[in-house]
Amino acid sequence: MVDAKYKDTLVVKAGEIFKLEADVAGRPPPTLTWTKQDKELEETAKLEIKIADFSTVLTNKDSTRRDGGAYMLTASNPGGFAKHIFNVKVLDRPGPPQGPLSVSDVTIDKCVLAWLPPLDDGGASIDHYVVEKRETSRLAWTSVATEVPVTKLKVTKLLKGNEYVFRVMAVNKYGVGEALESEPVLAVNPFVVPDPPKTPEVTTITKDSMIVCWGHPDSDGGSPITNYIVERRDRTGLRWVKCNKRVVTDLRYKVSGLTEGHEYEYRIKAENAAGVSEPSPSSPFYKACDTLFKPGPPGNPRVLDTSKSSITIAWNKPLYDGGSEITGYMVETALPDEDEWKIVTPPAGLKATSFTITNLKENQAYKIRIFAMNSEGIGEPAFVPGTPKAEERMLPPEIELDAELRKIVTLRACCTLRLFVPIKGRPVPEVKWSREHGESLDKATIESTSSYTLLTVGNVNRFDSGKYILTIENSSGSKSAFVIVRVLDTPAGVFSEPSESSGAVTVRDEVEPPRISMDPKFKETLTVHATESFKIDADVYGKPLPSIQWLKGDKELTNTARLDIKSTDFATSLSVKEAVRIDSGHYILLVKNVAGEKTASVHVKVLDRPGPPEGPVVITGTTAEKCMLAWKPPLQDGGSDISHYVVERRETSRLVWTLVDANVQTLSCKVTKLLEGNEYIFRIMAVNKYGVGEPLESEPVLAKNPFVVPLPPKAPEVSAVTKDSMIVVWDRPASDGGSEILGYVLEKRDKEGIRWTRCNKRLISELRYRVTGLLENHDYEYRVSAENAAGLSEPSPPSIYYKACDPIYKPGPPNNPKAIDVTRSSVFLSWGKPIYDGGSEIQGYIVEACDVSVGEWAICTPPTGIKKTNMEVEKLLEKHEYKFRICAVNKAGVGEHADVPGVILVEEKLEAPDLDLDLELRKVINVRAGGSLRLFVPIRGRPTPEIKWSKVDGDIREAAIIDSTSSFTSLVLDNMNRFDSGKYTLTLENISGENEFGIGLPAETSDPVKVAEVPQPPGKITVDDVTRNSVSLSWAKPEHDGGSKILQYIVEMQVKGSDKWSECTRVKVLEAVITNLTQGEDYLFRVMAVNEKGRSDPRSLAVPITAKDLVIEPDVRPAFHSYSVQVGHDLKIEIPIFGRPKPTVSWTKDGIPLKQTTRVNVIDSPSLTILNIKETNKEDNGIYEINFHGSKIQRYNCCQCW
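Anchor point for the sequence shown: position 409 equals 412 in our numbering, and the numbering is continuous, going up by one each time.
Be aware that one or more of the hints could be misleading.
[Stated by the list, open to error] Below, in silico cross-link-like pairs of lysine to any residue (SDA-like), each with a Cα-Cα straight-line distance of 25 angstroms or less:
#, residue 1, residue 2
1, K754, P715
2, K764, V732
3, K210, P120
4, K392, R415
5, K806, S722
6, K1152, V1165
7, K951, D921
8, K608, P349
[Stated by the list, open to error] Here are the in silico distance ranges between beta carbons for each label pair:
#, residue 1, residue 2, range
9, K1158, G278, 20 to 30 angstroms
10, P32, Y812, 26 to 36 angstroms
11, V897, R137, 29 to 39 angstroms
Calculated directly from the structure, the hints in this document are not laboratory data. This structure is a prediction, so every number in the text was calculated from the model and none was measured. Glycine is no exception: its CB is placed at the ideal position from the N, C-alpha and C atoms.
Construct the entire structure; sequences and hints are all you get.
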């Protein structure tokens, strides 16, 4: 019993003494124990515990806040136990605020502190908090704030780069509590300038603008990107120019104001609160020009002429040239019923817009199409309508008389008469010139071809005047035309009578537009060899006399040492002596007067050595010993195809040229065997059949490697840690130094050491490496260096320290949570430990309850949880429904919760009275006279049943001691005599019913008897394995052990056909391996259980077992046949395998044996084959096949990875 004052919380002030007193009762005298927080209390200098048989006193001196809490007094004896809880509250200064003291949003001059209220408020509400700081280099604390009403504070006026420690103390009406200190924190900005953005690219180009795009930096430096700076550099310049004046936050920018035809490169810088990043790698050069496309189809394709072996076609330029000049045309033919097209034009294409297709089959029809070509390639075709045939055309004769010839042709005496008349006709018509009155044409020279006829009369006089008649005739008909010629000559010596007067005549100048008459040979290209001379002459006509000019291109020609121009009123000539290559080209004769102008063009080709290749010489891939040269063909090929090129070199310090290659067939050449550090000039000469042309020289170039050692990689990180290994990963360096990264060197350093140790013997080709052989619980840091052809880079910044220990995870859910009992205000829960503890010991459990009518979860345990796996959840509302869930807690935190099944209604359970009567009490109990009788009976019942002991043939002596609780009842009689013999009846009764049990007591005395017997036979026997000389067996426990512990099991065997059983082995477990069997023999087996009373009946195996090796066909049972994984992620495929004997496993990919690397590998175990692919890429797509080789059986099973 306890005083009523202890039913409420006992409140004392700090420094005072408090006593907890209680009286107890029980037979035998109970054992008394004082506990607090599940720990038994022991006497100390300030804590005194006095215990008598039936009372106890706990005295606590000089009380402090920590002395508050629940003190539990427990009294227990064989009859049961009782407990009472004393609640003590000590009024004192508060405890420290709950940690940790969080420091966030740290910059160079401020930070934010946050904490939780103290778990112990000292018995009074918290008024405010006091915050102080100190520099780690000093011992004195400085006040930050003395009255902080909330659990958060912004601290300002920090000094950049100083390291600070902060502390917070809670204050109540009893004083300032204990302090909570933070970890040291450095007053620096948490962010740095961002990483450089990704290399920019250009997506849209015009002649004066480009749209530049780029990717985010790998890191924003801890602060958002506020601006991107776009810079450009002209290929002809040296300076980088900023493109944007305003802030750019998108990942694209339109750069305008560019110069057409110029090439530009770009780079990008990112800007955040810390400043501007390093520039990105430069983009390639892009030319500012309008976008080019392939040309459209040529226009108006048509047939001009056909013959029995040829077809002549013509076409117009395409309406759309794709933005680039048309460089030529290509013609293809095909038979009408076929789709196999044949190119009939030269490989370089045609410049003209007409072409005669030759070598055709007579009367064969053809499909014809024409393509236009520009710098972007070949455009769409245009088809010649229909399917023209190669057949001879019959055309009647036609005369195309020039307009000048339709009028009177007037010329002076002594001049030359030229009558040039184009004609047509198929077959070629016969040409006949005659004069009107039959005058002789002996003076005339007549030249006729299939396309024209030319009549020439030199040194004309007045007798050559008259009508000249031209007649042409073929099998299709004939045609005639005439030309009237007037020769102006002096009169004859004899005069006739004068003619009649002409009358009045008005005098005025006669005006005729200029005309040019030129030898027909100049219509074709005039070809001459170098050093030869050539002459172009022509007659000119017009009134008034026209002016005469000779042009080449757009430039007017004048007399030079080799060029001579002679002109008269009616004739002109151009002569070139000792022609050279540059004399090739189009020569234009231009004549003008007031009536108009006329031109004639003559194309001259001078066969000579070629000109210099078109520059500049492009030098790429320069290293210490080699480089690559490239150039363009000469603009002037000397009238002959270029057969090859000659390449030479010389050092700038010498004058002698050295041959590199005398027969280069392409427009590039690889130069080797250079000397490092020497400066070279190269020259290239084109060669045709007329000789070696002029050279094109390069700019000087220095023979040195264009690369340096790479930049160091970024600090490595660790992705997986065990007690003896770690997987270290890192990124590529920002720059490879201009040479491909050959590999990486990884180093580690123990925190307890000072030396860096190399982890890899060979260069690491990947961006990850598994470091093994580490010491458990040691801390390691790592750094990595990159190596290229120039050597090893500086090491990266070291990583943070990582401890070598097996990883710890949050635990799994508790096992089998259930409600084991319910009262009107509480629920009793129990659960098992989680199957998975996360690799760390379970520290406790958290129980949560949810009133279904409210829907909110509330924690029923302390925040740190409870150690036990059972709990009574109290203070619940009767007739309310509740849900419960339990979480396990380890070092890693709170794990998944497990829900107690169903919804639990809180109400008192009704249970009929019952008891668990021991087997010994069901028999006659013998007690010696003078001895004591003790009857202890566990009972059940809800509500707690009323208990009544009685004796059938009399009353129970008053000396009997009867003790009862909700879970047991006991009857004790000392100094037994024969009058105490008889049947004792125990009656239990509650509102659910009544139960009565009897216990017999004879008068004679004897020792108690314990009954036991042999066990039942073992359970079912299972054959686990069979080989040619052994059998593995297992079996289940007997259903009943006979009342005594099973000591061992005996295994016996019998050879089939024999009546004799022989013992094989004795074991204490439920399995055995029987060896030394004869291969091929059949055996029977049986097992017997043994306890202290003897052997059980045997349990036999139903069928005999043959001693032979089992052969099980190899098989696989994959969970899936198709696997998908995102690029860059790891893929792990586990395939269960079956077979006896164990099959040999091999993998193939797309029918080829799988090559294993550190990234792609296979691990085999007795029951699994595992394919691991780290950091997958598109090359890992394919069909993966498993091959089994065992017992002459092969089986293929496919897995697809996409």
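Going down the list of hints, with the structure as the test:
no.: 1; hint: K754 with P715; verdict: holds (22 angstroms)
no.: 2; hint: K764 with V732; verdict: holds (17 angstroms)
no.: 3; hint: K210 with P120; verdict: violated (69 angstroms)
no.: 4; hint: K392 with R415; verdict: violated (51 angstroms)
no.: 5; hint: K806 with S722; verdict: holds (12 angstroms)
no.: 6; hint: K1152 with V1165; verdict: holds (12 angstroms)
no.: 7; hint: K951 with D921; verdict: holds (18 angstroms)
no.: 8; hint: K608 with P349; verdict: holds (20 angstroms)
no.: 9; hint: K1158 with G278: 20 to 30 angstroms; verdict: violated (48 angstroms)
no.: 10; hint: P32 with Y812: 26 to 36 angstroms; verdict: violated (51 angstroms)
no.: 11; hint: V897 with R137: 29 to 39 angstroms; verdict: holds (35 angstroms)
The structure is inconsistent with the numbered hints 3, 4, 9, 10, although it conforms to all the rest.
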